[in-house]
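S.K.: Build out the structure end to end from the sequences listed, making use of the hints.
So the protein sequences, as listed, match chains D, C, W and E.
Each residue of the first sequence is one higher than the last, beginning at 153 in the working numbering.
Each residue of the second sequence is one higher than the last, beginning at 153 in the working numbering.
Each residue of the third sequence is one higher than the last, beginning at 153 in the working numbering.
Each residue of the fourth sequence is one higher than the last, beginning at 153 in the working numbering.
Copies of the same chain look alike in the list, so a pair counts if it works inside one copy or between any two.
With a straight-line Cα cutoff of 27 Å, these simulated BS3-like cross-link-like pairs (lysine-lysine) come out:
1) Lys492 with Lys294
2) Lys432 with Lys264
3) Lys157 with Lys294
4) Lys357 with Lys432
5) Lys432 with Lys339
6) Lys290 with Lys413
7) Lys295 with Lys273
8) Lys492 with Lys155
9) Lys157 with Lys492
10) Lys157 with Lys220
11) Lys403 with Lys357
12) Lys357 with Lys339
13) Lys155 with Lys295
14) Lys155 with Lys294
15) Lys357 with Lys413
16) Lys290 with Lys155
17) Lys220 with Lys294
18) Lys273 with Lys294
19) Lys413 with Lys403
The hints are simulated quantities; they were obtained by calculation from the structure and are not laboratory data.
Number of protein chains: 4
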Amino acid sequence: MEKLKVGVVGATGYAGAEICRLILGHPQAELAAISSVSFEGMALSSVYPAYAHLCDMVCGTQEQVLEKSDVVFAALPHGLSQELAAQCMRTGKAFIDMGADFRLESEEVYSKWYDGSFADKELHRQAVYGLPELFREKIRGKKLIANPGCYTTAVPLALVPALENGLIEPAGLIADCKSGVTGAGRKPNQQNHYPELNESFTAYKVAAHRHTPEMEQTLSQIAGQEITLTFVPHLLPINRGILATCYGRLKVGVTEEQLRKAYEERYQGEYFIRLLPEGKAANVKYVRFTNFCDISLFVDSRTGSFIAISAIDNMVKGAAGQAVQNMNLAFGFEETAGLKLVPPAF
Amino acid sequence: MEKLKVGVVGATGYAGAEICRLILGHPQAELAAISSVSFEGMALSSVYPAYAHLCDMVCGTQEQVLEKSDVVFAALPHGLSQELAAQCMRTGKAFIDMGADFRLESEEVYSKWYDGSFADKELHRQAVYGLPELFREKIRGKKLIANPGCYTTAVPLALVPALENGLIEPAGLIADCKSGVTGAGRKPNQQNHYPELNESFTAYKVAAHRHTPEMEQTLSQIAGQEITLTFVPHLLPINRGILATCYGRLKVGVTEEQLRKAYEERYQGEYFIRLLPEGKAANVKYVRFTNFCDISLFVDSRTGSFIAISAIDNMVKGAAGQAVQNMNLAFGFEETAGLKLVPPAF
Amino acid sequence: MEKLKVGVVGATGYAGAEICRLILGHPQAELAAISSVSFEGMALSSVYPAYAHLCDMVCGTQEQVLEKSDVVFAALPHGLSQELAAQCMRTGKAFIDMGADFRLESEEVYSKWYDGSFADKELHRQAVYGLPELFREKIRGKKLIANPGCYTTAVPLALVPALENGLIEPAGLIADCKSGVTGAGRKPNQQNHYPELNESFTAYKVAAHRHTPEMEQTLSQIAGQEITLTFVPHLLPINRGILATCYGRLKVGVTEEQLRKAYEERYQGEYFIRLLPEGKAANVKYVRFTNFCDISLFVDSRTGSFIAISAIDNMVKGAAGQAVQNMNLAFGFEETAGLKLVPPAF
Amino acid sequence: MEKLKVGVVGATGYAGAEICRLILGHPQAELAAISSVSFEGMALSSVYPAYAHLCDMVCGTQEQVLEKSDVVFAALPHGLSQELAAQCMRTGKAFIDMGADFRLESEEVYSKWYDGSFADKELHRQAVYGLPELFREKIRGKKLIANPGCYTTAVPLALVPALENGLIEPAGLIADCKSGVTGAGRKPNQQNHYPELNESFTAYKVAAHRHTPEMEQTLSQIAGQEITLTFVPHLLPINRGILATCYGRLKVGVTEEQLRKAYEERYQGEYFIRLLPEGKAANVKYVRFTNFCDISLFVDSRTGSFIAISAIDNMVKGAAGQAVQNMNLAFGFEETAGLKLVPPAF
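M.R.: Spelled out as structure tokens, the structure:
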């Protein structure tokens, strides 16, 4: 059977390069074309020598990617995906957007946080939000998929079962998140210069990060009521991984057993979610290079707090892996195809 | 003038070694004797080659330290300080305990969290809790000082001004803390074996860490009412530093300006507290090797949350530096003597 | 077709766990049994939570491994493989030894560096040295294979083409090597305790490392004359990788072009060797998690020095990957089966 | 007594910031003015928040520094120091250059490696090379000092006693060096972007680094004959430190004892050189934040090689600390003034 032809726009950024890696190992898809504005004419393996002899494909233009591919993944700065998506729709290609352009349903909210507008409202109506564990049925067979951000995958997966079963208060939710530095991209800057980041740890964009409204949108849809979230991201001096420590207030009388049961039932059959045994805390290291989301649950009976901790690899479940999972759903492949990675343990 | 003679029991652990470093640079104190059970007969510089030619003093016994010193710092596993403190009191020495034996005022609470008892209740009544920015006047001239733990310094300093001015709700406080690995001590174990900790990040002792009652004791004393705290510590793959991200609910009508003013007034004149300008987030890197506690304040007006973030070096303000600060208070020295360190910036 | 049954003795050490990972992805082999003295009765995924849901096989005894497997990989402290190998030979199993017991041909040399003896000289005569790029034909179809150490793979691969073509002097060779810390194993010790190793760098076992005679054996066999080597290993604060910077003196009149041509010809067709373009230096990062050996060549015409730098992942080409490559040769599989890994680039 | 007024041109780079730190702790000198092209008008503590409350001096212009200072330290890109030095000489200020402009005595060599020329040959004749342990008497009282580079401090200190006593062959010397990343400066670039450098290790500028002729100049002066050196630098994923592993061939009959004795005698009384006991290898960690150079010696009697390993902090003994040591010599202060730092051991 002929393989699905995959194109990657923005292939030399971290998310783009990671999509290439996953597609190279996918049984039903193949890399057809890649593009890069900064590295046009250079092989991907010149930019990432780890890929030498494995992916020496040369970066072309966005147009070439569009021409050669059945599905286009776009890893672009926000604002640039709308026109590209429109082109894909016109030419019958599928489009999976790694950026924020199609994630928010409300143009008002998008405009407030991203200072942009919806160029084509009809296009936005076609887009589905690609968080398969929460919205799987909506994604199947779709052509225009907004792939969630990293925090916006980790936090809802940690909170949803408690919220949709009414086991915690919908008010006062807090997400204290810690991310590896690849989340900030490949472009060098002062903060992520090795001597500055090494041996450091800090919060950033405190209560002001753009992923906030996206998480609130997901949580509100699940809870069936408007949810607000206090969100504080931190920057870890490691390459990969997000740990989301989420706090909620237990509803009166709710037990740890009830909570654990709700999570077990909700995520039963979800290949990519690993609910950890009681007492074990999720660790970013154990999900590195995989599409897993590990979740651990705790109750502080002294204070009435519920604590759910999720860990993902920000570049896989938080970006490229989830995008491939969405592609699998869109094209009717096995949802786990190309994603059953056995990671190095150290 | 003759210098104060300082002895360190448990000098080869991280806290002990750090006390030695600070005393070597103290204008009014000198290292008189050190002891170590594991390294008796060896020079401190054999254990820490960084100290070669700077501190080649040989480790002796606890008895030798007692005999030669005016003040004894003890960095021992909990339970072992009580008898040593009693000996010091009998012989007129000052005693500064780096461990937990004298930190909790309630024997019941101590017994619950540490599974021990107060050998001599009178001795416990003499002990003062050495967090100078909160309890300075009680510490002056005292002979028996319980030096706080690391988390238990960072969290109260972040929350106290808001709490004592009634600007946040006393209920529902959360401390999401992240610590460098030296906090776990010098003894090798699996979790802190380099290949395992490197590129990892996880929570541990979730809602079950022994520093919890100590923080609650301090916060309750300041607030004048019983406070409980949800406390989740995490382990950072860096050597030094604690970042405490503390969450509270704003009382109705309280503004960020009011909060900032309360902190400015409360900490005015405190040399070791640096309140950061609006919008700047505290970073463990900027307090490394110093006795500073950096604090940054944020209000999430969308959700009504107050966020105070403090950063300390767990081995200095969180251990050895604060102990020297306490010694200075106890002996009437300038409080900052030996502690005005200009740290390397990178 | 039925898959080859693979057993791993010492599966919870780093090398053993890495063999398990590779076998899980091998198209013609399957993990049949694993053993561990320290973790008998525990799932491999309890020891390495990264493997949860992917390899929950429980560790049994060495006897169980022997019984259930067609080929046994042994990752044991030196001295313990000889009896196990003998058992395998008696029962018709193949045996691939990750340790040093069968690597040295001379019992005298083994005895000098390892303070042991050859229990069964006939067994040692059956053993082949499993460095496929140098001794491929000897390995095919064999039952008893001594898998080389990590340094002993990196250094000969860097020097052999220059040496066997007589382009450098056989005397005065130097190998200045730097290894990631997983090479020291999973057992915690003081040197590899995170706070001690972090931000450190040092040489160890200077001119006294046990891999020295093994490298000299290989180089001497290739050169057809006795070679001695000055070998200085260093410990890098990273998890994986060996960089071997090897120095030799150019024979009079030899040009860089000749050298480069010799390497190109020697390694033409070798899938796992990537000769880097002129001016590019090998980097351990680019071979991480793969079975590649990257090699870069330099000539210092000012001094007459030849510099060959090789990079491998000490746990893959330096251990588990090469062992699987040897298994492939021994059983007539495609040599690259299970080893065409596309690694994460960051 | 009035303190010496110190100015730093290029104060916001790593070397400049480190000079500021050291001068802040110097008993006989004080920071009078600092300049920065990129951060003019900003406080040094805005660039380095670790310095908040400790050095809030604002960066001015180079002219302001010249006006206010008795001695000017310049941390500038090469080529820019010559005019500044001339100005200092005209106005009677001392000038200590952190760059390469005055390090090489031969304009031909300078021109070949740096592609520049000597603007004022007389000025170059006035300059002394500031490596105190080798050229102390020439430095005393001088006004124009070329501070050596980092590698060019570590390598000669490791080799000189063996070379000047004729214990090793002057031909065939090799320096395999490894440097922390601060040596590459504060300006972000792709190679030193955290995700790229983290978990990496590579050589760079193999046999082509500009420090080569500087080391050869020093070694030749000491040996009294022309010395060439094979020099391969590597980049370590740590912030600070250089480890220089230097190889030479023993002259016939020379013993380890003779070598050790030569080093002991040569460096007797040198406060900043710590000769390590037999069998101990130098480690960059143990010299961090100090002006020490640790040296360890090894003989490989099997191969006739001599191995000398030196460790320095590239920012202190390899830059700012040595510059202060030179200032002390130039102004007749105690050579160790401001440099007897007790470093943190972890």
